[in-house]
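Fit chain R to the supplied structure of chain G, relying on the hints for placement.
As you go down the protein sequences, you meet chains G and R in turn. Per this note's numbering, residue 1 is the first one in the first sequence, and the count goes up by one each step. Per this note's numbering, residue 1 is the first one in the second sequence, and the count goes up by one each step.
Honestly, the hints are just simulated from the structure, not real lab data. Some hints could be false.
Lysine-lysine pairs mimicking DSS-like chemistry, simulated, CA-CA at most 27 angstroms apart [to be verified]:
1. R:298 <-> R:342
2. R:342 <-> R:352
3. R:201 <-> G:42
4. R:352 <-> R:82
5. R:201 <-> R:128
6. R:81 <-> R:94
7. G:42 <-> R:100
8. G:42 <-> R:81
9. R:82 <-> R:298
Reference listing, derived: stretches of chain R covered by chain G, where coverage requires no fewer than 3 residues with Cβ under 8 angstroms from a Cβ of chain G [claimed, not checked]:
10. 65-77
11. 195-201
12. 208-217
13. 221-228
Cβ atoms here follow ideal geometry from the backbone N, Cα and C, with glycine treated the same way.
Listed below, chain by chain, are the residues.
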Amino acid sequence: MRRSLEDPIFRYVAFSAATLLLVVLSGLIVSLAIGSWPALSKFGPAFLFSSNWDPANEVFGAAGPIVGTLLSSFLALAFALPIALGIAIFLTQFCPPAIAQPIAIMSELLAGIPSIVYGMWGLFVFAPWFSEHIQTPLSGLGGIFAGVPNGANIFTASVILAIMILPYMAAVFRELFRSIPPQVREAAFGMGATPLEAVTRVLIPYVKKGMVGATMLGFGRALGETMAVTFIIGNSHGFPTSLFSSGSTLASTIANEFAEAGVMHTSALLGLGLVLFLITFGVLAIARWLLSSQRY
Amino acid sequence: MVSWWAEANFGMLRKFLALVLLTALAACSQGDKPATAVSGAGATFPATIYSRWAEGYRRDVGVSFNYQAMGSGAGVKQIQKKTVDFGASDKPLKPEVLDKYGLYQFPTVMGGVVPIVNVKGVAQGQMKLTGAVLGDIFLGKVKTWNDPAIVALNPGLALPATPITVVHRADGSGTTFLFTTYLASQNPQWASDVGASDAVKWPTGLGGKGNDGVAAFVGRIDGTIGYVEFAYAEKSDASYALLQNGAGQYPVPGSASFGAAAASADWEHAPGNYLLLLNQPGQNAWPITGATFIIIYKEQYSPARGLAVLKFFDWAYSNGDEAANELHFVPMPPEVKAMVRKQWTQITADGKPLYVPAQP
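Okay, chain G solo, but in the shape it has when bound:
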């Protein structure tokens, strides 16, 4: 008797937990769409393609923050991916166990530091250093290095983002490598593979699926990261003209302006939220598709 009740209840609890998530998700997207409708209907496609963001005259075009978000996140991923891979490979393949554990714990501690701390470090330490030693010498070159050398730009924001997503990616990569049965690695060496060949030809392909997923999650974190980026990206809404120009991201713009926004401005900021939501959704969908299209 008791058993016969227990199971259906358990099933319903699990079912409602799962549906609750769906309801919350769809509620989020619907409320974002409703909230941003005044701005979206007023500005139309210009909301996405114009970079004229003018709160005083209530004209809003989000191209600057959209490009800033994508650019800074892609750059962060480009910096973080090889380093995370290197850390994971070293820790699981070459590192003596005595120091592997401390290094692993330290990289996990990095992941626990609040993002505002990274932001402050970026602003107070990294930006002035970067401005003096890298940006000033390079600024004469123009092109993608053009810009007033003040250290607060898309490039430095990407470096900070890379540091932030690095520990997460490294930790997941390390676990992936550890999940490979030792026989696989031994077999590779048994076939006469060098360590380089064993890693690139056998071990990485073995965990490729998980790596794509972890990378995409890291990218997702970079897309939505707010505080650290707000500190260092420069918060200007123009279309970024070079790597060293100030920019803004969707999340940083929302965080900066929400408190003081008027009616249309609030609607435009909700529109930014919707765009960010859709971009993140798209990234996850692509990750899913990449994962499902890989067969061994």
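Just chain R now, with coordinates in the frame of chain G:
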């Protein structure tokens, strides 16, 4: 992927939950006292003085006063939604807006906005600027520190060829409202291209969050210019620049020059207490001075709380001047305080005046 994390942290998680529970219990037991607190939200600029006053009021009267510094715009929004007992804003509401919502505003203290610079070889108060040149710098027309326009105002100052980085507020702000309104009054191109608001489309430069953010950028990065509330300029590593006032003088920013700007302010003839103190006449008047305002409902929906708000500010008018001076704010002159106290009798609950101050 998840299991390694769960295993490693489960013990820690349990300890953490226990800690959270204990803290929550402790908080609950403290919260049993009768709720007499007054709550308000708004401008960040007067937050330091309000919290100092709150401290004194709690000591003297035993009523606590909670103020959330969320920004002027947020303060206005919160009072319109009636989620707080009062709103606070550096940007006064126009009389017609007050009438529309049945609101009333009064000034509490005054302060000044100052330009701050970080230029090698330029010390505190050495650089002199006019409103027109400041506008050209913020428009991006004046690009380097040795531009003839700046050199002409500063004979004898060795200015480097460093490019100018403009630093402005990234968030909307009453400070920005005062600053851009001043620029618009001094620089015609600023007025036509950019305008005056609590957030504008900045032609150039980068944004810092809050007064602290701007002060931090200017303090750390060579060749920058920004604008902050005077109290933040004092704390910052950057040095303030002097601004030419309407009388052609370069007063030193501080209580004296902010007070001089306030001296000739005509509050009596300002409907709804809507008054900006920019470019006031006077040899020693600081050109970017402004008051900060408290906004409450004329007809109080919660008489007890409305009364508590008025009593607090009555106490602050009587006892708060010393603290204001210490924090580089300028107290309202006695005749303005008397005028405001008289206006308080217009605040009603159930059709009757809510509070009649002891000293008119």
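Hints versus structure:
| no. | hint | verdict |
| --- | --- | --- |
| 1 | R:298 <-> R:342 | holds (14 angstroms) |
| 2 | R:342 <-> R:352 | holds (15 angstroms) |
| 3 | R:201 <-> G:42 | holds (19 angstroms) |
| 4 | R:352 <-> R:82 | holds (21 angstroms) |
| 5 | R:201 <-> R:128 | holds (26 angstroms) |
| 6 | R:81 <-> R:94 | holds (18 angstroms) |
| 7 | G:42 <-> R:100 | holds (26 angstroms) |
| 8 | G:42 <-> R:81 | holds (26 angstroms) |
| 9 | R:82 <-> R:298 | holds (13 angstroms) |
| 10 | 65-77 | holds (count 5) |
| 11 | 195-201 | holds (count 7) |
| 12 | 208-217 | holds (count 5) |
| 13 | 221-228 | holds (count 4) |
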